[in-house]
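Produce the complete structure using the sequences and hints provided.
So the protein sequences, as listed, match chains P, G and Y.
Position one of the first sequence corresponds to residue 1 (the numbering used here), numbered consecutively onward.
Position one of the second sequence corresponds to residue 1 (the numbering used here), numbered consecutively onward.
Position one of the third sequence corresponds to residue 1 (the numbering used here), numbered consecutively onward.
Think of the hints as simulated: they come from the structure by calculation, not from any bench.
Any given hint could be a false lead.
[Stated by the list, open to error] With beta-carbon atoms standing in for the labels, derived distance ranges: (1) P:S134 x G:W69: 26 to 34 Å; (2) P:Y121 x G:W71: 46 to 54 Å; (3) G:V28 x P:K172: 24 to 32 Å; (4) G:D61 x P:Y121: 37 to 45 Å; (5) G:D61 x Y:A68: 35 to 43 Å; (6) G:W71 x P:A169: 17 to 25 Å; (7) P:L56 x G:E84: 33 to 41 Å; (8) G:V28 x P:F132: 16 to 24 Å; (9) Y:D291 x P:A169: 22 to 30 Å; (10) Y:L424 x P:E88: 20 to 28 Å; (11) G:W71 x P:S134: 32 to 40 Å.
Built from N, CA and C at the ideal position, the CB exists for glycine as well.
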Amino acid sequence: MDDFTLFSIGSGTMTATATLSKDRIEPRYSAWERLKSNRDWLGFWFMMPAAAILLLFLAYPLTKGVWMSLTDVKIGRPGVFVGLENYEELIFFDKTFLYSTGFTIIYTAIASAAKFVLGLYLALLLNNNLPFKSLIRSIVLIPFIVPTVLSAIAFWWIFDSQFSIISWALRKWGVIDHNINFLGDPILAQATVIFCNIWRGIPFIAITLLAGLQTVSPSLYEAATLDGATKWQIFRHITYPLLTPIIAVVMTFSVLFTFTDFQLIWAMTRGGPVNATHLMATYSYQKGILGGQLGEGAAIATAMVPFLLAAIMVSWFGLQQRKWQQGSKE
Amino acid sequence: MSADMTKTATDDNSDGMSYLETTRTKLVTIWLPLALICFVLLFPFYWMALTAIKPDHQLLDFETYNPLWTWEPTFKHIQKLLFESNYPRWLWNTMYVAFAATFLSLICSVLAAYAIVRLRFRGAEVAGGLIFLAYLVPPSILFIPLSTVIVAYGLFDSPLALILTYPTILIPFCTWLLMGYFKTIPFELEECALIDGATRWQILTRIILPLAVPGLISASIFALTLCWNEFIYALTFISSVPNKTVPVAVVNEFVDGDIFRWGSLMAGALVGSLPLVILYSFFVEYYVSAMTGAVKE
Amino acid sequence: MTTNRRGFLKGGAALGAGAMLTASGLTEYAKAWAQSSQWKPEAGATINLLRWKRFVQGEEDQFIKIVAAFEKATGVKINVTNESFDDIQPKASVSANTGVGPDIVWPLHVTPHLFPDKLVDMTDVADYLGKKYGGWVPVAEAYGKSKGKWICIPVAVNGGYINYRISSMNAAGFSKFPDTTAGLLELCKAMKAKGTAVGFALGHASGDANAWLHWLLWSHGAFLVDKDDKVIINSPETVKAMEYCKALSDTFIPGCASWNDSSNNKAYLSGELHLTANGISIYAAAKASGDAKQLAIAEDTDHAFFPLGPSGKPAELQLAFPLMVFKYTKFPNAAKAFTAFMMEAEQFNPWLEGAAGYLTHCLNAYDANPVWTADKKRLPFKDAAKRTLPISGLGSIGEKAATAVADFIVVDMFANYCTGREDLKGAIAQAERQAKRIYR
Numbered sequence: 001m002d003d004f005t006l007f008s009i010g011s012g013t014m015t016a017t018a019t020l021s022k023d024r025i026e027p028r029y030s031a032w033e034r035l036k037s038n039r040d041w042l043g044f045w046f047m048m049p050a051a052a053i054l055l056l057f058l059a060y061p062l063t064k065g066v067w068m069s070l071t072d073v074k075i076g077r078p079g080v081f082v083g084l085e086n087y088e089e090l091i092f093f094d095k096t097f098l099y100s101t102g103f104t105i106i107y108t109a110i111a112s113a114a115k116f117v118l119g120l121y122l123a124l125l126l127n128n129n130l131p132f133k134s135l136i137r138s139i140v141l142i143p144f145i146v147p148t149v150l151s152a153i154a155f156w157w158i159f160d161s162q163f164s165i166i167s168w169a170l171r172k173w174g175v176i177d178h179n180i181n182f183l184g185d186p187i188l189a190q191a192t193v194i195f196c197n198i199w200r201g202i203p204f205i206a207i208t209l210l211a212g213l214q215t216v217s218p219s220l221y222e223a224a225t226l227d228g229a230t231k232w233q234i235f236r237h238i239t240y241p242l243l244t245p246i247i248a249v250v251m252t253f254s255v256l257f258t259f260t261d262f263q264l265i266w267a268m269t270r271g272g273p274v275n276a277t278h279l280m281a282t283y284s285y286q287k288g289i290l291g292g293q294l295g296e297g298a299a300i301a302t303a304m305v306p307f308l309l310a311a312i313m314v315s316w317f318g319l320q321q322r323k324w325q326q327g328s329k330e
Numbered sequence: 001m002s003a004d005m006t007k008t009a010t011d012d013n014s015d016g017m018s019y020l021e022t023t024r025t026k027l028v029t030i031w032l033p034l035a036l037i038c039f040v041l042l043f044p045f046y047w048m049a050l051t052a053i054k055p056d057h058q059l060l061d062f063e064t065y066n067p068l069w070t071w072e073p074t075f076k077h078i079q080k081l082l083f084e085s086n087y088p089r090w091l092w093n094t095m096y097v098a099f100a101a102t103f104l105s106l107i108c109s110v111l112a113a114y115a116i117v118r119l120r121f122r123g124a125e126v127a128g129g130l131i132f133l134a135y136l137v138p139p140s141i142l143f144i145p146l147s148t149v150i151v152a153y154g155l156f157d158s159p160l161a162l163i164l165t166y167p168t169i170l171i172p173f174c175t176w177l178l179m180g181y182f183k184t185i186p187f188e189l190e191e192c193a194l195i196d197g198a199t200r201w202q203i204l205t206r207i208i209l210p211l212a213v214p215g216l217i218s219a220s221i222f223a224l225t226l227c228w229n230e231f232i233y234a235l236t237f238i239s240s241v242p243n244k245t246v247p248v249a250v251v252n253e254f255v256d257g258d259i260f261r262w263g264s265l266m267a268g269a270l271v272g273s274l275p276l277v278i279l280y281s282f283f284v285e286y287y288v289s290a291m292t293g294a295v296k297e
Numbered sequence: 001m002t003t004n005r006r007g008f009l010k011g012g013a014a015l016g017a018g019a020m021l022t023a024s025g026l027t028e029y030a031k032a033w034a035q036s037s038q039w040k041p042e043a044g045a046t047i048n049l050l051r052w053k054r055f056v057q058g059e060e061d062q063f064i065k066i067v068a069a070f071e072k073a074t075g076v077k078i079n080v081t082n083e084s085f086d087d088i089q090p091k092a093s094v095s096a097n098t099g100v101g102p103d104i105v106w107p108l109h110v111t112p113h114l115f116p117d118k119l120v121d122m123t124d125v126a127d128y129l130g131k132k133y134g135g136w137v138p139v140a141e142a143y144g145k146s147k148g149k150w151i152c153i154p155v156a157v158n159g160g161y162i163n164y165r166i167s168s169m170n171a172a173g174f175s176k177f178p179d180t181t182a183g184l185l186e187l188c189k190a191m192k193a194k195g196t197a198v199g200f201a202l203g204h205a206s207g208d209a210n211a212w213l214h215w216l217l218w219s220h221g222a223f224l225v226d227k228d229d230k231v232i233i234n235s236p237e238t239v240k241a242m243e244y245c246k247a248l249s250d251t252f253i254p255g256c257a258s259w260n261d262s263s264n265n266k267a268y269l270s271g272e273l274h275l276t277a278n279g280i281s282i283y284a285a286a287k288a289s290g291d292a293k294q295l296a297i298a299e300d301t302d303h304a305f306f307p308l309g310p311s312g313k314p315a316e317l318q319l320a321f322p323l324m325v326f327k328y329t330k331f332p333n334a335a336k337a338f339t340a341f342m343m344e345a346e347q348f349n350p351w352l353e354g355a356a357g358y359l360t361h362c363l364n365a366y367d368a369n370p371v372w373t374a375d376k377k378r379l380p381f382k383d384a385a386k387r388t389l390p391i392s393g394l395g396s397i398g399e400k401a402a403t404a405v406a407d408f409i410v411v412d413m414f415a416n417y418c419t420g421r422e423d424l425k426g427a428i429a430q431a432e433r434q435a436k437r438i439y440r
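In structure tokens form, the structure reads like this:
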């Protein structure tokens, strides 16, 4: 918020200088000097570009979104203020909204937990001294660097209801006698998209945790091994505590991005079958952009904010443990 | 291979545990799970590549042809993609938007990170906190109001809409990463320069930036990946076909009414992924060590 | 001038329906047409046209020819953009709101009725075409007119009907396709028992699912709203339709709930599916493929009208493609001239033929187009524009009807019940609630 106070003071000084400069040159010069050398001023100018973009394209739309959610604005037509009507409608009458909220929570919970466990496991595996280390790491990273939609399309094809290669393989081995209805059965479709999200998320978590693991000094392990600690004890009492701060950060982001996921669902199911895989984000697109009800769409999006605040709180406690990124060096 | 493994297992002293393990247990506890995970992680890409080169008549016929392989690869789909569609244009759009947005974000982030870490102006901590908070506001909350804002600014259906909105995703991350980097550069260097009469600008461009090159590289790689991957803004703000980016175009453009052209679709997905994969294959070590640097602090 | 025009009109008629003109011939003709046309394009006009993405390659090829001939004859530059049909409406809405965008938009269904005041009055074009080509079918007037004025030109309708494999139907003990809903259910049961799968889309397939489920609803005499836009979905007729749908869906191949518009095409062309509801694109694609297996499937395929339900009247929903011109365009005359030009027999006939049955005319005179006689399997599609109701059913055509369809209210009502996600009452109540919110 200091930015704003600085800015108003700044413009005040500027106009004062401009009127004065008509008859005297001195104050202008000193004001310029002040601008150049003063720490606060310099800080203000350095922050300007980032602040401008974030204010115009983030803070302003965020506020506007909240406002829109209180109106009945539609595509192509301005709206009038309707109070909390959109929210009432969503919460009390719109079953699809409730389903999608519920599924968003389940989706986030299952996928994040699985990504964490598997990601940590993979990181521990990769932390061994392996031949072709960098090759293996590149391979592991591929799902993360390939744009989500593009891999989602491949999955869509893999999980097709009639031409799934998985169904084909299982049928060949005699495990099943008919195709698995991956994306046509609500529960199976939910499981399938959760699987794809896990698949997409593991590499980032694994590589980041691997980076964390490499900062743990090997001498700690050696000492513990000499003391006769088991592998589990070493992990539990040395690796895990040292990793906690980075786990907190990574998991906050993971939860956040899983919760607000859009593209995976959009490319694979568009929310189907029978709206079973709608996340809040996809439902808000369906309502707001395709259905044209911008107000309701904005209300759905805004309804995500409380959940995000909860995620921020979690991250805050994670950060507390380690004075992380506070601009000061203690 | 196995000799190689034994060698590393015995020679290894950087990792505390592995020298206790024999090759056999290592095979079961490390290589087997690793191979399994890699298989699952890579299979979709194999499938993508295979579909891209399969002739059409083999695509839906699992009885006559083994679906896992093809003996008659065709480059028809890829050729069609590159020479008979807007694909090169989309690829160009994606790159153009990604590079421009990354460049813009880096400038903003370098200035912001330097100011927060080194100028320590009044409110620096709050500014740092706010930028961090900005990272926690994802596009799927913003796209509806932002679309009206974009229309109001007259940016609708222009690449500029993406170039200006992507930095809202990139700046927080890049700033965060660069702050970590700038902190590792000793204060003394800067103090000497200040005494010698250098301005802050000179210090930033002549001293700090050259030392932070690895950080800049990893920030730009990460930013490029995010741009390439972005979907919802591109879907909402871009309307005309020639202006689309690869992810959006691939989802929408390889459909003739109700016929999907799977071959071209997969070829499009594959070709769209390649530039990033190539980029990463050069920089993966960089990336991991940069992350290590960022989390080490 | 007048004589000139008459002579030319006669010449045009003499060419006969469906006469294919060579490229140079087309240009010559276009020049003559432009000379005599009542709409004189503005000098230096450039028109941006946004249209739905083609379904059939042949249609687009013909369309490009028409555009090229018009450009050559008049000097007007036309930039064509294609967009998948789900995306056109939001884009048109934004353009209407901001006053920036394509001059001509060729969307679906009721899009023009979302912003009738922003559109150029096309009454002169509609009257000219109607007079010359045997009049408009009723649904075209319904889609085209707002407050007595034509706000768009309903160029064509895309018909969706039953696609089935003749041999599988015969094997199931039917020698001809049933013409009642009860018969259809018997056929589906018999086909399933024989191991020849049937299936209709229950997912958010804006073409297929909307078409067949609206038919199902309407053919049972049930409607979302009545003629005064009062919501009447909660009715005994709806219950009957739902129960019928449930019974029918029990015969479906797994996966229908996830189907989009392309899924049944794919399954049918691979030989896995033997009966479905779709446009003619399956048959057209199979015939155009040149692949022996696909040709055999095409040979064995035929089309049938949606059977009559308890209401006893044909009541179908087909996609309409109206073409509209925004008022903000600087070149309204060029836009009108192009619209009239493309609907003249010399252009429209080859275009219909190029579409191979995928598109059905809204002007009666085009009943004579050889596309309907050259291949008898296309015959049902000829009447698509005559049999369809507007998308609003009985209600008024406008924004509310468009929103109800965009929200998939009817599709989700059936799908919710058929997949067991909701019980009968719950599914209808949910649809009623959604509809009431839109039609309040």
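Taking the hints in turn, this is what the structure says about them:
no.: 1; hint: P:S134 x G:W69: 26 to 34 Å; in the structure: holds, 29 Å
no.: 2; hint: P:Y121 x G:W71: 46 to 54 Å; in the structure: violated, 38 Å
no.: 3; hint: G:V28 x P:K172: 24 to 32 Å; in the structure: holds, 28 Å
no.: 4; hint: G:D61 x P:Y121: 37 to 45 Å; in the structure: holds, 39 Å
no.: 5; hint: G:D61 x Y:A68: 35 to 43 Å; in the structure: holds, 39 Å
no.: 6; hint: G:W71 x P:A169: 17 to 25 Å; in the structure: holds, 19 Å
no.: 7; hint: P:L56 x G:E84: 33 to 41 Å; in the structure: holds, 40 Å
no.: 8; hint: G:V28 x P:F132: 16 to 24 Å; in the structure: holds, 19 Å
no.: 9; hint: Y:D291 x P:A169: 22 to 30 Å; in the structure: holds, 25 Å
no.: 10; hint: Y:L424 x P:E88: 20 to 28 Å; in the structure: holds, 26 Å
no.: 11; hint: G:W71 x P:S134: 32 to 40 Å; in the structure: holds, 34 Å
The structure is inconsistent with hint 2 alone, although it conforms to all the rest.
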